[in-house]
Amino acid sequence: MTVLTVTGGKGGTGKTVVAVNLALALSSLTGERVLLVDLDADNPCTYTLLNVEPKTVEEVKSFKPVIDKDACVRCGTCVKHCPTHALFLIPNAGLSFIETLCEGCAMCMYVCPKEAISRGHRLTGWVKEADAGDLHLVLGELRPGDRKYHDVMEAALNYAKRIWGNYRIVVIDTPPGTGKGILMALNSSDIIVAVTEPTSLGLLDLKRLNRLVTPLGKPEIVVVNKYGLPGGAHNKLERYLQECGLRWAKVRYDKRLMSAYIRGKPVIRYDPDAPSALDIQALAEMLAKEMSLNRS
Amino acid sequence: MEIVVASGKGGTGKTFVASNLCVYLKRNLSEEVVAVDADVEAPDLLMALGGSTREVVREEFYGSYIPAIDMSICFNCGRCAEVCEFDAIHMAPEGPVIDYSKCEGLGTCAVVCSVKAITLIEDKTGDIYASETPFGITVVTGDLELGKGNSGRLVYELKERAYRIASEKRVEFRVVDAAPGIGCPVVSSIAGSDLLITVVEPTPQSLKGSLRLLEVAETLGIKTVAIINKYNLNPGFTAEVEKKLGVEVLGYVPYDDAVVKAYTSAVPLLEYSPASKASEALVKCFDRFREGWFR
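In order, the protein sequences belong to chains A and B. The first sequence: position 129 = 129 (our numbering), numbered continuously. The second sequence: position 190 = 190 (our numbering), numbered continuously.
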């Protein structure tokens, strides 16, 4: 089993487009059903591109205090200990709680000398699943208003790990960024696909991402999406890739890809002769070869 | 006034709108503008505003804690492992073992330890720096340590820093360029702001992201307006986007090669190519905002 993680520091470089189309291309090439794991819990878009409606398989919950107003003596111990200032005392009104500030550490429950705080649950998000034909999709989705997206990412990844032994190819799609959630995904991967775009901002964020990726010592392929973008910073980007000795592949800037995307369709199935579809197909062939080399 | 620019999805043009809004405000409404780059996992705003000409602040930010266990005191009672909500402590035969990748640094373990064997050590989670830029805008940037969490706390600190700089200099406007998404750093970016501008592309994916963002803004009680960017990529969908968003749309900005070229030159579009279609459309959006708020 090989886990490919599609990432990229900057938002909107085309991670999801590459992940979905790559997973479909790999499935066609190998005849295998591919597991696609969408960890962009803030806004999971794989299912809109695959036109499926995922079903909830797990609710992601975290601790939230339930305050027994009768038992509470307003001593302020919980307020003093709460590390995120989610609890406070209002004169004449008693103990108040702001859920958006709470990170669910349960400190308040343990420090309360009157046992006036008990365990409640708040819904942070969902792990969902869908059968998308050649792909099996698992995704995490954050409940809007909640901030604990790492919890949802972790729950989705753990759910995927419980079933991914049944697959030979796993493709993970990540959110943008270079933080804790990205590192968690990278640590579970065998091959890293870093998607960038030929713009100054794309290059800046790729450099930053590589400071996280390179020390892991895992095989990495940079995908330069929107290659040929008018006015783009192609020279600077290519110079950087060459200096770092990074392997890279291009996916051409292609109005036909955009036309598939806005219809919510994967270009590789909708318009397989489009330049971008041909490029992703070539990338899939290269990766399939590499994975069989890995197996031998 | 603090204006935050956000979108539920990445790459819709947040930094584009935020950087040019700064230029516009400085030209038309304010001697100075303080900008905040709240995308601490991929900060680009400073570059979009021409880079630093002079750094005025550089500090380390200690936004979290790491528990350290004194094994000479610990008697392996296992209470710390029991109370950890994040499953970050496991009892091994030789005593408790901390998985730092899971630890949130909130310190419940240290508080419950009956022999006080656990101390919390401050953990550096990022850097904060403020720079002056060629177009006269001060940019406060946060740089999260790679692979770290707690980005929301860094964002709060950045906003606080920008507020202080703005108060000292009596600057009226602060512009916050948020991270993509709706998670922890975005909630911190929006909380307490006076106005949210959501940047939407006419795609189902971007619309979905912005609708999720609007739910967050509603729970926080923040007034929201929208700018529809790259509208000509899918003009047929624009009306639907506008209808579904249900908030005031300041205007429509076309896709324009000049935007990419301006970035390549590290000059904000309004300065780089004021006559370009995107520039003119953006100025119209900002004029509408100005008329709505300052007349």
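Take these hints with a grain of salt, some might be off.
What the hints assert, rightly or not - The calculated lysine-lysine pairs, modelled on DSS-like cross-linking and capped at a C-alpha distance of 30 Å, are:
{"#": "1", "chain 1": "B", "residue 1": "243", "chain 2": "A", "residue 2": "80"}
{"#": "2", "chain 1": "A", "residue 1": "250", "chain 2": "B", "residue 2": "26"}
{"#": "3", "chain 1": "A", "residue 1": "218", "chain 2": "B", "residue 2": "102"}
{"#": "4", "chain 1": "A", "residue 1": "265", "chain 2": "B", "residue 2": "284"}
{"#": "5", "chain 1": "A", "residue 1": "161", "chain 2": "B", "residue 2": "243"}
{"#": "6", "chain 1": "B", "residue 1": "284", "chain 2": "A", "residue 2": "61"}
{"#": "7", "chain 1": "B", "residue 1": "116", "chain 2": "A", "residue 2": "114"}
{"#": "8", "chain 1": "B", "residue 1": "208", "chain 2": "A", "residue 2": "55"}
{"#": "9", "chain 1": "A", "residue 1": "265", "chain 2": "A", "residue 2": "161"}
{"#": "10", "chain 1": "A", "residue 1": "265", "chain 2": "B", "residue 2": "244"}
{"#": "11", "chain 1": "B", "residue 1": "244", "chain 2": "A", "residue 2": "255"}
{"#": "12", "chain 1": "B", "residue 1": "243", "chain 2": "A", "residue 2": "255"}
{"#": "13", "chain 1": "B", "residue 1": "284", "chain 2": "B", "residue 2": "26"}
{"#": "14", "chain 1": "B", "residue 1": "116", "chain 2": "A", "residue 2": "80"}
{"#": "15", "chain 1": "A", "residue 1": "255", "chain 2": "B", "residue 2": "148"}
{"#": "16", "chain 1": "A", "residue 1": "69", "chain 2": "A", "residue 2": "55"}
{"#": "17", "chain 1": "A", "residue 1": "207", "chain 2": "B", "residue 2": "116"}
Don't read these hints as lab results, they were simulated from the structure.
Here is how each hint holds up against the structure:
1. Straight-line distance between C-alpha atoms of residue 243(B) and residue 80(A) comes to about 47 Å, which puts the hinted pair past the 30 Å bound.
2. Distance restraint check for residue 250(A) and residue 26(B): the Cα-Cα separation of roughly 40 Å exceeds the 30 Å cut-off, and the hinted pair is therefore not satisfied.
3. Taking the CA atoms of residue 218(A) and residue 102(B), the gap is near 22 Å; set against the 30 Å cutoff, the hint holds.
4. This hinted pair does not check out: residue 265(A) and residue 284(B) have alpha carbons roughly 33 Å apart, beyond 30 Å.
5. Distance check on the hinted pair: residue 161(A) and residue 243(B) sit about 40 Å apart at the alpha-carbon level, beyond 30 Å; violated.
6. At most 30 Å may separate the alpha-carbon atoms for a hinted pair to count; residue 284(B) and residue 61(A) exceed this at roughly 45 Å.
7. Straight-line distance between C-alpha atoms of residue 116(B) and residue 114(A) comes to about 22 Å, which keeps the hinted pair within the 30 Å bound.
8. Proposed proximity of residue 208(B) and residue 55(A) is supported: the alpha carbons are some 18 Å apart, at most 30 Å.
9. Between residue 265(A) and residue 161(A), the direct Cα distance comes to roughly 27 Å. Compliance with the 30 Å bound is thereby established for this hinted pair.
10. A C-alpha spacing of about 21 Å is found between residue 265(A) and residue 244(B), which places the hinted pair at or below 30 Å, so the restraint holds.
11. Restraint check for residue 244(B) and residue 255(A): satisfied, since their Cα atoms lie roughly 26 Å apart, inside the 30 Å limit.
12. A distance of roughly 26 Å separates the Cα atoms of residue 243(B) and residue 255(A); the hinted pair therefore holds under the 30 Å criterion.
13. This hinted pair checks out: residue 284(B) and residue 26(B) have alpha carbons roughly 16 Å apart, not beyond 30 Å.
14. For the suggested pair residue 116(B) and residue 80(A), the alpha carbons sit about 18 Å apart, so the restraint of at most 30 Å is met.
15. Restraint check for residue 255(A) and residue 148(B): not satisfied, since their Cα atoms lie roughly 37 Å apart, outside the 30 Å limit.
16. Our distance criterion of 30 Å between C-alpha atoms is broken by residue 69(A) and residue 55(A), whose separation comes to about 38 Å.
17. About 43 Å separates the Cα atoms of residue 207(A) and residue 116(B), which puts this hinted pair outside 30 Å; it is violated.
Of the numbered hints stated above, those contradicted by the structure are hints 1, 2, 4, 5, 6, 15, 16 and 17, listed in ascending order.
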